[in-house]
Amino acid sequence: MNNEPSGLLLAHRAMLRDLDRCAALTADLARNSPRLDRKRAAAIAGYLSDFCDSIHHHHSAEDDVLWPVLERAAGAHVDLTELTDDHAVLDPKLARIRSGAAALKAGHIVSAELAADLADLRDTLREHIADEERTIVPLIKQYVSDDEWNRVESAIRRRGAKMTFEVPRILAVATEAELAETRREGGFPVALMIRLLPLPFKRRESLVFGGAR
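Position 39, counted from 1, in the sequence shown is what the UniProt record's numbering calls 39; the numbers after and before it change by one each time, with no gaps.
In short, the hints are calculated from the structure, not lab data.
Backbone N, C-alpha and C define an ideal beta-carbon position, used for all residues, glycine too.
Heads up, a few of these hints could be off.
[What the hints assert, rightly or not] Calculated pairs, BS3-like style, for lysine-lysine (alpha carbon to alpha carbon, straight line, at most 25 Å):
id	residue 1	residue 2
1	Lys39	Lys202
2	Lys93	Lys105
3	Lys93	Lys141
4	Lys105	Lys141
5	Lys162	Lys39
6	Lys141	Lys202
7	Lys39	Lys141
[Claimed, not checked] Here are the in silico distance ranges between beta carbons for each label pair:
id	residue 1	residue 2	range
8	Ser99	Lys141	15 to 25 Å
9	Ala24	Ala102	13 to 23 Å
10	Leu207	Ser145	23 to 33 Å
11	Ser111	Asp20	18 to 28 Å
12	Ala106	Pro138	20 to 30 Å
13	Asp28	Asp53	17 to 27 Å
14	Asp131	Pro68	11 to 21 Å
15	Lys202	Thr84	17 to 27 Å
16	Asp147	Ala106	23 to 33 Å
17	Met163	Arg38	21 to 31 Å
18	Arg134	Pro68	18 to 28 Å
19	Glu127	Phe188	20 to 30 Å
Sequences are here, hints too, so could you generate the full structure?
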C-alpha cells in the first residue's frame, strides 16, 4: 500500500521535537539569561518565525487538501469538526509567537511571555497531534486509495513549503528505513537535498540552540 501516511507522521515528529526544544530554550533563556547579543537574538527570532510558518503550512494543507479528500472517501465515518476547530485556535497562538519573535529581534531580550506562549503552543499541539494520529491515520489507511493519497501528497508539495527548513528537520527524526524509502521514492533530486541541506542547517541550529540540540 502506498497510502501509508509516513510523510504526515514524520512532519508531526519533527514538529513535536521543535516544540519541545523551542519551549525549553526560551524558558531557560527567559529565566537565566534573557538579554542576548544581536546575532543570536536574530537567529532565534528567525527560527521561530520559520517554525510558525511551517506549522501554519501544515495545518492549512490539512484543511484545504487532506480534509476534503478524507470527507469524500470516508463519508459518515469521519467527523473533522474538533480537528478543524483546533486549527482555528492555532492561528492566534502563532501570531503571538511571531510578535514575540519580532520583539526579541528588536530588543535582544527573551521575554517570559514568549516562553509561556511557546509552552502553551507545545501543549496544545501535543494533544492535537495525538488526537489526529489516533483518529485520522486509521481512516486514511482504510478509505483513501493509493492514487488519491499520492495526489494529496503532490498537492501539498505544490503549496511550497520552505525546503531548506523542512528537509533537515525531517531528516533529524527519520529512521534509517524511512530515509532509504525516501531516497528510493524521491530519486536524485531528493537524494541531493538530503546530502546538501543538513550542513548549513546544522550551523543555524548551533547558533540558535547552542550545544543542546
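Against the structure, the hints come out as follows:
Using a Cα cut-off of 25 Å, the hinted pair Lys39 and Lys202 holds, with the two alpha carbons roughly 16 Å apart. Restraint check for Lys93 and Lys105: the C-alpha separation of about 19 Å stays at or below 25 Å, so the hint holds. A threshold of 25 Å between alpha carbons decides the hint, and for Lys93 with Lys141 the separation of about 31 Å lies outside it, so the pair is violated. Of the supplied pair hints, the one linking Lys105 and Lys141 is violated, its CA atoms being roughly 44 Å apart against a limit of 25 Å.
For the hint pairing Lys162 with Lys39, the CA-to-CA distance comes to about 22 Å; that is within 25 Å, so the pair holds. About 35 Å separates the Cα atoms of Lys141 and Lys202, which puts this hinted pair outside 25 Å; it is violated. For the suggested pair Lys39 and Lys141, the alpha carbons sit about 46 Å apart, so the restraint of at most 25 Å is broken. Take Ser99 and Lys141: their Cβ atoms lie about 39 Å apart, and the range 15 to 25 Å is violated.
Under the hint 13 to 23 Å, the C-beta atoms of Ala24 and Ala102, about 21 Å apart, fit the expected range. Our hint of 23 to 33 Å for Leu207 and Ser145 is violated, since their Cβ atoms are close to 45 Å apart. Against the hinted window of 18 to 28 Å, the Cβ-Cβ separation of Ser111 and Asp20 comes to about 20 Å, which satisfies the hint. For the pair Ala106 and Pro138, the supplied restraint of 20 to 30 Å is violated, since their beta-carbon distance comes to about 46 Å.
A hinted range of 17 to 27 Å holds for the C-beta pair Asp28 and Asp53, which are about 24 Å apart. Hint check: Asp131 to Pro68, Cβ distance near 19 Å, so the stated range 11 to 21 Å holds. Judged by the Cβ atoms, the range 17 to 27 Å given for Lys202 and Thr84 is violated: they are separated by roughly 36 Å. Judged by the Cβ atoms, the range 23 to 33 Å given for Asp147 and Ala106 is violated: they are separated by roughly 49 Å.
Take Met163 and Arg38: their Cβ atoms lie about 28 Å apart, and the range 21 to 31 Å holds. Taking the beta carbon of each, Arg134 and Pro68 are about 21 Å apart, inside 18 to 28 Å as hinted. For the hinted restraint 20 to 30 Å between Glu127 and Phe188, the CB-CB distance of approximately 40 Å leaves it violated.
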